[in-house]
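Chains as they are written, first to last, in the working numbering: chain A, 34 to 381; chain B, 34 to 381; chain C, 34 to 381; chain D, 34 to 381.
Hints are computed from structural coordinates only; laboratory data are not their basis. Hints should not be assumed to be uniformly reliable.
As the list makes no split between identical chains, a pair holds if one copy fits it or if it spans any two.
Stated by the list, open to error - Straight-line C-alpha distance at most 25 Å; calculated DMTMM-like pairs for lysine to aspartate or glutamate:
(1) LYS139 with GLU159
(2) LYS139 with GLU288
(3) LYS98 with GLU198
(4) LYS283 with ASP339
(5) LYS283 with GLU299
(6) LYS36 with GLU65
(7) LYS283 with GLU260
4 protein chains.
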Amino acid sequence: MLKIKVGIVGGTGYTGVELLRLLANHPHVSLEIITSRSEAGLAVSDLFPNLRNYLSIAFSVPDVKKLKNCDLVFFATPNGVAMKMVPELIEAGVKVIDLAADFRIKDLDVWSQWYGMEHACADYVEQAVYGLPEINREAIKQARLIANPGCYPTAVQLGFLPLIENQLINTSFLVADCKSAVSGAGRGANVGTLLCEAGESFKAYAVPGHRHLPEIKQGLADANNNEVDLTFVPHLTPMIRGIHATLYAKTRGSETDAADLQTLFEQRYADEPFVDVMPQGSHPETRTVKGANICRIAIHKPQNNDTIVVLSVIDNLVKGAAGQAVQNMNITFDLDETSGLNIVPLMP
Amino acid sequence: MLKIKVGIVGGTGYTGVELLRLLANHPHVSLEIITSRSEAGLAVSDLFPNLRNYLSIAFSVPDVKKLKNCDLVFFATPNGVAMKMVPELIEAGVKVIDLAADFRIKDLDVWSQWYGMEHACADYVEQAVYGLPEINREAIKQARLIANPGCYPTAVQLGFLPLIENQLINTSFLVADCKSAVSGAGRGANVGTLLCEAGESFKAYAVPGHRHLPEIKQGLADANNNEVDLTFVPHLTPMIRGIHATLYAKTRGSETDAADLQTLFEQRYADEPFVDVMPQGSHPETRTVKGANICRIAIHKPQNNDTIVVLSVIDNLVKGAAGQAVQNMNITFDLDETSGLNIVPLMP
Amino acid sequence: MLKIKVGIVGGTGYTGVELLRLLANHPHVSLEIITSRSEAGLAVSDLFPNLRNYLSIAFSVPDVKKLKNCDLVFFATPNGVAMKMVPELIEAGVKVIDLAADFRIKDLDVWSQWYGMEHACADYVEQAVYGLPEINREAIKQARLIANPGCYPTAVQLGFLPLIENQLINTSFLVADCKSAVSGAGRGANVGTLLCEAGESFKAYAVPGHRHLPEIKQGLADANNNEVDLTFVPHLTPMIRGIHATLYAKTRGSETDAADLQTLFEQRYADEPFVDVMPQGSHPETRTVKGANICRIAIHKPQNNDTIVVLSVIDNLVKGAAGQAVQNMNITFDLDETSGLNIVPLMP
Amino acid sequence: MLKIKVGIVGGTGYTGVELLRLLANHPHVSLEIITSRSEAGLAVSDLFPNLRNYLSIAFSVPDVKKLKNCDLVFFATPNGVAMKMVPELIEAGVKVIDLAADFRIKDLDVWSQWYGMEHACADYVEQAVYGLPEINREAIKQARLIANPGCYPTAVQLGFLPLIENQLINTSFLVADCKSAVSGAGRGANVGTLLCEAGESFKAYAVPGHRHLPEIKQGLADANNNEVDLTFVPHLTPMIRGIHATLYAKTRGSETDAADLQTLFEQRYADEPFVDVMPQGSHPETRTVKGANICRIAIHKPQNNDTIVVLSVIDNLVKGAAGQAVQNMNITFDLDETSGLNIVPLMP
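Assemble the whole structure, with the sequences as input and the hints as a guide.
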């Protein structure tokens, strides 16, 4: 069986180990390289013992020459790293999927404002395809460079899109109240994400402004053919995996009832292998997608008033990161889109 | 020192054990009776070993005659129980604080619709005082019957009130996205609140309608002198204690900036012993009020748009239930309002 | 591809849903029947939404006639259920794997003493094979009736066996201090396993005697050709999945050092696909086996004294229950032993 | 009322904030100084918002001159800090309670071996009193320098002492299998104690040797008038507070039954305000001591064999650290021993 030669740059974070978990069992992947400056020489299964007997590769120092021998390179690096290496890889014919934010925002001024640096390869931003398959599948098939969406943007966009595409809501007062598990904050040593700080507690953060705000607004504006007015408040939830987005919007007219909305969502996602529209009246739990590349959505119209509430859940590390990256890989290499992703969520 | 003779009806739930914790150390309380049909005869400290050496009382079968010897009776019972016993106690001169919902809603049709039963003592509903001291302190002082507020309504009302009282927001599109710890669901044996079901997961529930909705709307409408349009979505959070309310409202004009809002809240709550307006830009964590009768609030105006975001946190069992009940007791018996409530939150 | 026709009796507990997760993706299984009296008619994916799109079967009332059409029936029922149905199935040529305790204990008096009932089919106990593949693989191949081991017994026996088989320890003072996640207590509605009772706390339970004690002693005595003296203390740990067994034993002589022990364990389990002897000095974490059919073991000889400490971890629902059952199925149907079990543990 | 002038050196860790919580409400304490080099100038309530409105003091740079004006200085610093400042303070007549390990071990060679440094004031080690009131109350009354015990040593010694003092057990094979909450690892930024690393998992650590081993052995040897042979294995438990010690020992003769042991423990601790011997057959839960200065103990003799199992639980931050320090302060300043410590544990 033909195997895609895959490299990973920066594999010591949670996105990295999740990519490794998914790729270890992927039937069409041969993992050639995984780089980490700090852990070079260490077997990945020494850092991540869940991979013992599944992966025998060791971390190595990043080396563009070796990466050029890959068919595909994933970047699971901090923001600002990929943009420095991507041009050389792309020019060498290597496909790139960046799990960080370097290529997500088309407006470079906006990007610089939120990420606090100049962009190193502006021209590549333009050709990068935003890797949300439910919108961009055809473009992804042809893409050389894929900007894998952020976790919040995935959950929020999939929840709002059918409403916006059909002009059913007033886009001047959208609210996305989002709750993320702690793994979204990464594997870095930080006081704020210690078990004794983040456990048994709940808080909002970054209410004045979070980097995923411009990404979400860009995606919704594209669907709307117009700017949208969105208030986005992320919260830290005392659990390891999962995002729950609770979305609020006012209907434009009153004629659309809950059953219509249900049908609308079901039709919009009928052919999507990884979006599950739950039965009317459902309350999706984040644990029902744990470990799997699934977004589950439910639609409500409480008290039959003019406010629509959409509930959208994903595993932030899978459909919100590594799983979606593998889905994008499958699409761009013309594999079965679900290849390597047939994982039943772990419950309980 | 004069001691108030206190009885508790229904003390085996989380609200009950929390009342016991607070009363065990209250300098002006003598706990005379605690009733439980199912646990009659059992020492409370056998059911709740945290109370060993603090309380030597045992559960007894409810007996109105004995309860009449109390100065005050707390009802920590399921909805619909207190209303059957309250008239006899009130007529006997006993003060009553009901921690359930029997006397919270003034409109009896609304009450019946949400609680699914006829009210047993409609005339007492009228005289009952809604026990939110930050609004009703003077009435509480004179009250014979106090309806202790629900947990969500406490967090939500304290967050919205300054905005509504000052007509700063458009009350036709209020959103209260609330997150509660699991103890809010009580100590009953339920699959849904098992550690393996509610742990490591997050979900919304009761989106079509929750019993606290009419209670919140009644309180906000009173402050507004007019109905308000509120969407209220409660969520279940994998932790034991705490409520986080994230409140969204549109400003009526654009002239009010974040600093003004900060001042407004600080002035509104300047004399309140149990409302803490955090510094501008804060993100209150539920753990900072764990075990204590405190509501901490922060006000944001993200991106300086026309949406105000208020963050309001309480311990659902304390300021959201037993602590507020003790606060009401202190007020109505003319004690220092903080008596027995000087508890530093437990952190971490 | 040939498919084994499988039935499951009693599939609404955690062992049941875990079996469903594993069988849903098993390449050689066709799930024909899953029974539940209480949930008959309900789609399994309505009760367990993680299975949406993976299983379309519904629960049905138990019916021996239909079960007889299966090649294999798993019992994921409370103790005492399987023994009433097993004879008829076995006589009809159906193979049976019982995940409960009905066939684990050979001494029927001991069984009755611990399980509080008479055994309904004593003669079948004798022919039942104890399904710990690391000891009984050859017998499992021929078995018609397999008694799937308990969760604690799996972790404890795999940790002690190499020491006992080689007569390295004094078997008159063995200690197994075991810590189990809460899912080991099942999915029943119980106050004791509520998140607010079992969360953020740790306790021992059943110290006077736990049903897994005779099972463990039977297995160790078999290896020892003699009774062993074991103190077994289980503890409840605030997490969803995982067992950690900490085993203590005194060496018989002082000549065996840690390196020898390491070699001994590595050789004993060299050909075992699901036992992972960690490098010397390791401290296995339960999360490194989450969702997977693996037992990881580390051996220590602290301070080079005469006490050996073995650390043994499993996922109680997988290698401690459903995964081991599938492993046994694979062996008895002559499939690749790892078929359907190539699951990388979920970490974090 | 007379107030003790108290200083705290190093107040930014969990032991520090816990001391602050307890001292904030202590009727006989005036907190004069709290030092932290890294946080100098910051209000303590900005770092620890649970203290808002309870403490208005700010962190300051350590300054021995100012500390000399205190009656008592607590050291809540890393090991090796106190020993450099203690002599000057003691000579100035200031009493010192060190919550770190600098003065716990009498044998300086042993201390150096485990703590990896030379001791800076060896002569003070001799005069230091080991602050376990249940053994050393009289000496504590007179002490100028108190070595506050470690968390594990407190739980283990209180559990073993009655057995050893009465020569009831064979001290050549003691096992202390201990489980600690994550706060025991401190508030430092470490990958290993992130919620996503330490949550939903359980592991042993430091099996080859932990610094509390020599401390425990010293205490038990004192009671035994002879060395003891102890195997001590600490484990990390996914919760914030609590230690559960499970202790195993063989009886010397068989004549002592469980009832005798129960009586023995009850008599031993009859006058101890902070040791609670639970009724026979109990299984103490760590949550029953959350936030309080209590050690709860239960004694078992499983299957009436010759192994005694003692269960001992504390809150590691209270009876295992800050609470015991306050208890020691109360004793040495001749206050009511329970002053400031009448806190009902928080449950749930």
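Here is what the structure says about each hint:
1. Proximity of LYS139 and GLU159 under a CA criterion of 25 Å is satisfied intra-copy only: 7 Å inside one chain copy versus 60 Å between copies.
2. Taking identical chains as interchangeable, the C-alpha atoms of LYS139 and GLU288 are never at most 25 Å apart, the minima being 36 Å within one chain and 33 Å between chains.
3. For a Cα distance limit of 25 Å, the shortest separation of LYS98 from GLU198 qualifies neither inside one copy, at 44 Å, nor across copies, at 53 Å.
4. In the homo-oligomer, the alpha carbons of LYS283 and ASP339 lie at most 25 Å apart both inside one protomer (6 Å) and across protomers (16 Å), since each shortest distance falls under that limit.
5. When the C-alpha separation of LYS283 and GLU299 is checked against a cutoff of 25 Å, the pair qualifies only within one copy, where the shortest distance is 20 Å, while the shortest distance between copies is 32 Å.
6. With identical chains, the CA atoms of LYS36 and GLU65 are at most 25 Å apart within one copy only, with a shortest distance of 11 Å there and 35 Å across copies.
7. For a Cα distance limit of 25 Å, the shortest separation of LYS283 from GLU260 qualifies both inside one copy, at 16 Å, and across copies, at 18 Å.
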